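Q: Read off the chains here:
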Amino acid sequence: MGSAPAEIRRIPARSLATSAASASFGASGLGSLGSPPPTLPVSPVSPVSPVSPALPVLPGLRDLLPRGVLACGSVLAVPEFGLLCLALAAGASAAGAWCGIAGVPEAGLLAAVGAGLDAERTLLVPDPGSAWPQVVASLLDGCELVLLRPPAAAPVLLRRRLEAVLRRSGGVLLVAGDWPGAQVRLRVITQRWTGLGDGHGRVRACCAEVTADGRGEAALTRTRWLWLPAEDGGVAVADPVDIPGTDAPLPRPAAGLRAVSAG
Amino acid sequence: MKARGADPAPPRIMVLCCPQLCGPDAGPRAARWFERVITTVTGFCPNVEVTEPGVCAFGARGPARYFGGEAVLAGQLITAVAELGVASRVGVADGMFAARLAARQAQPGSPALVIPAGETVRFLAAQPVTVLADQDLAGLLKRLGLGTLGDFAALPASDVASRFGAAGETAHRLARGLDARPLAVKRPASDLSVAREFDPPELLAEPVVFAAKALAEQLHEGLAARGLTCVRVQVRATWADGRENSRLWRHDGLLTAAGVADRVRWQLDGWRPDPGENDPGENDPGENDPGENEHADGGIAALRLAPDLLVRATGHQLALWGESVISDRVARAAMRVQAMLGHEAVLRPVPGGGRNVSEQVSHVPFGEKREPRLALGPPWPGRIMGAAPGVVYPLPREAEVTDEAGQLVTVSGRCVLSAAPARLVVEREPPRLVTGWAGPWPLSERWWDPAAARRRARFQLITDDGRAWLAVVRDGRWLIEAGYW
Chain A
1 MGSAPAEIRR IPARSLATSA ASASFGASGL GSLGSPPPTL PVSPVSPVSP VSPALPVLPG
61 LRDLLPRGVL ACGSVLAVPE FGLLCLALAA GASAAGAWCG IAGVPEAGLL AAVGAGLDAE
121 RTLLVPDPGS AWPQVVASLL DGCELVLLRP PAAAPVLLRR RLEAVLRRSG GVLLVAGDWP
181 GAQVRLRVIT QRWTGLGDGH GRVRACCAEV TADGRGEAAL TRTRWLWLPA EDGGVAVADP
241 VDIPGTDAPL PRPAAGLRAV SAG
Chain B
1001 MKARGADPAP PRIMVLCCPQ LCGPDAGPRA ARWFERVITT VTGFCPNVEV TEPGVCAFGA
1061 RGPARYFGGE AVLAGQLITA VAELGVASRV GVADGMFAAR LAARQAQPGS PALVIPAGET
1121 VRFLAAQPVT VLADQDLAGL LKRLGLGTLG DFAALPASDV ASRFGAAGET AHRLARGLDA
1181 RPLAVKRPAS DLSVAREFDP PELLAEPVVF AAKALAEQLH EGLAARGLTC VRVQVRATWA
1241 DGRENSRLWR HDGLLTAAGV ADRVRWQLDG WRPDPGENDP GENDPGENDP GENEHADGGI
1301 AALRLAPDLL VRATGHQLAL WGESVISDRV ARAAMRVQAM LGHEAVLRPV PGGGRNVSEQ
1361 VSHVPFGEKR EPRLALGPPW PGRIMGAAPG VVYPLPREAE VTDEAGQLVT VSGRCVLSAA
1421 PARLVVEREP PRLVTGWAGP WPLSERWWDP AAARRRARFQ LITDDGRAWL AVVRDGRWLI
1481 EAGYW
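The listed protein sequences correspond, in order, to chains A and B. Be aware that the first sequence starts at 1, since it is given in the numbering used here, and climbs by one per residue. Be aware that the second sequence starts at 1001, since it is given in the numbering used here, and climbs by one per residue.
Derived by calculation from the structure, the hints in this document are not laboratory data. Since the model is a prediction, treat every value here as computed from it, not as a measurement. Misleading hints may appear alongside valid ones.
Covered by chain B, according to a simulated footprint, are these stretches of chain A (three or more residues, beta-carbon under 8 Å) [to be verified]:
1. 81-95
2. 130-139
3. 149-158
4. 169-176
5. 217-225
6. 237-245
In this text, a Cβ means the ideal position worked out from N, Cα and C, and glycines have one as well.
Produce the entire structure from the sequences given, and follow the hints as far as they go.
A: This is the structure:
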C-alpha cells in the first residue's frame, strides 16, 4: 500500500482520533465503546431508497465500518460464512432493503431473523451453479444487498465486471470467501461461547472479537468485542466487564453419566 | 343474440373431474396423465376446456344428441377414461357452476350425476352457501342467516348488488342458475391475442414460461384498456416440427399474469413426451430433474395466448396469494433467475415450527404461497432452546466424538453416556478438543409409524477453536447438524 499517506489525509480528523483511541482494546477511555459513533459530515442514512448512498447496519457493527454504514457500490469480504455475514445483512434488511443470499445452502436463517433480518424480504438461491456471475448480476437488479459465497475463486476480470454491475445498480456485495480488492474486510478473530458447562447448560451467547480493515476509508484496522449473538439473538457491543475469560479444558468426572434436562 | 333485459338460459354443460389429478400442486406427472384424459374426451367432443388441473368441461347438447342422451354419453366417457386407469366423475347441468357442483357430488357408485334440464335451479337451491368460491362472502351470508343458495337466490338482485357489490352480484347470478356474467355482445375491433416466436426454438420449458408471463401481462393490459376481461384463454404452442397444440383454460378475469404462466407451465408439462410410467396414482410434486424439462421434439417455436368469450370487466381483483405486494423490480429479478435455473432455484424463507433446526425454516419457491411446512403456533416440546445456529447443514456431516481414552462415545437406550466427550473430529478435518458440552437430549419422533420413527440424542459441544456445534447421535453414529459461529 504505497499510497498510505494520501489515504490517511482523506479521513476526517475527528474520526481518526476516535478510531485511534478505541483501535486497541484496553484503552482507558472505554466509555466511548458503548456510546453511539461521533457525528460525521455525511448525508443522513434514512430508510432505504434507490438514491440513498449507503445502507444502514446494526448499531453494534457501526464502529467497525467506515462512516458506520455499508457504502453502496462497495464489496465487503468475510473469509468464512457465519453469523457475522448474516448480521451485516440484517441491519439493511430491517430498514427495508431486499437481501439476496446466493451459494449458501446452509445459511442459518433463524439466527439471521433473530439478528434482525426480515424473512419477507429475503431471496435465497442455494445453488447458483456455474452461471453464478449472471445470477448475482440478476439478483443485484432486484436486491439492494447480495450475500454471495462464490462456488469458485473468481478471476480478476470477472471481479471487475461484477464490481461494475454493482456500481451501476448501487447495491452492496457481501462476499463470504476470497475477494482481493474488497473495500472492507471483516474477520472474527476469537469466539467465546457462554452457557455450556461440563455436561450441563446450553449454548446461550457468544462474545466475539471482530476486526475490520480494508482500503481507502477503511484502511485503519478496527477491532471490537461484540456479542454475536447476544442472548436475545441480536448483536451488541460487549461491555468489557462481561467478556468471558478463556475456557480451559475442565477436569473430567467419572464415566457413567446420566441425562439431565436441557438448561 | 339475446333480447334486451332477458338473460338467456345457460347451455347444458358436462364437466368431467378426475379427483386423483386435481389440485394445483399435482405435479408434472399428473399433467401428463390429464393430457391423455383430455385427448380421450376430445374424441367425444372437440371443443374441450380445462377449468383447473384435473377438471375439464364442454358443451353437452351436441355430443349428447349424437350419442343418444347425456347419461349414455357420460357412461361412455367414464368407461373410456377408466381404460386409461384414471377414475373420473361426470356432472351435467345447466351452466358451468351447477355442472361443477354435480361432478363433485357424484358418488363412486354412480359416477355420473345428470341434473335434468329445468331442475338446475332446484338443485342449486338446496346447496349450502359454502360451495361459493368466495369464502368471505359465504361466511358473511351464513352469519346473516342465509344458509343455502336458495335463500340467497330469493333476495332481490338490486338489493344484493347494493349490499354486497360486484362479487355478491356474480354469486347471486350463479345461485339463480345463470351464467356469472352476461357476454359482451359487441365484438372487439381488433384481435386481442398476443404471440411470441422463439428463434431458435426453445428446448427448455422455463424460458417459455417466463415469456408466457410477459405475454399474459400484455394480454391483460390490452383487455383492461377496453374494459373487458376474458372468460377463457386459449394457449397455443407451435413446435419446431410444425405440430400445434392448443388448450382452453378458464380465466374469468380472476387470473394474474403469474397464474396464466403457471397454467402454461402445467400445459407444457402435459405435452411433454412421457418417459413411461404406469401408475397415475403416484404423485411426485418434488420431481424437478432438469433433464426432463427438455422437449425432445425440436423445441417450442411459438406461443400464442388468445382471449375467448369477452365480458365486461367489473374491476374485481383477486389477490391470489394474499400477501404484501412485491415490487416489480424484485419479481423481475427473481423470475429471471428462475428462468435460468428452474422454478425451485429461487426460494423465500418462511420461519415456522418444528423440533429440528433444519425444519424450523421452510423454503418456498418464489411465486408460491408463503406457508411454513410446520405451523408456528404449537409449542413443539423437545426443540433446542437457546441461541439459533448460524450454519444449518441441509445434510448432516459425519463426525466422531471420542473420550479421553480415544474410545467412541456412545449413548445407551436409556440415555446414559458412556464417557464425557473429549475430542471431536468432523469429516476429514483435524481433531478438535472439546472444552464444554451438554446433553444428551433425547428426541423420539413419530414412534407410532415404524417407517418414519426417529430416535436421536442431541448434544451441544464447544471446541477449543471457539466454535460451538450441534451434534446428534443416531443409531450409534455421530452427525453434526448445525454450527454456531
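Q: It remains to establish, for every hint, whether it holds in the given structure.
A: So, going through the hints one by one against the coordinates:
no. : hint    : result
1   : 81-95   : holds (count 4)
2   : 130-139 : holds (count 5)
3   : 149-158 : violated (count 0)
4   : 169-176 : violated (count 0)
5   : 217-225 : violated (count 0)
6   : 237-245 : violated (count 0)
Of the numbered hints stated above, those contradicted by the structure are hints 3, 4, 5 and 6, listed in ascending order.
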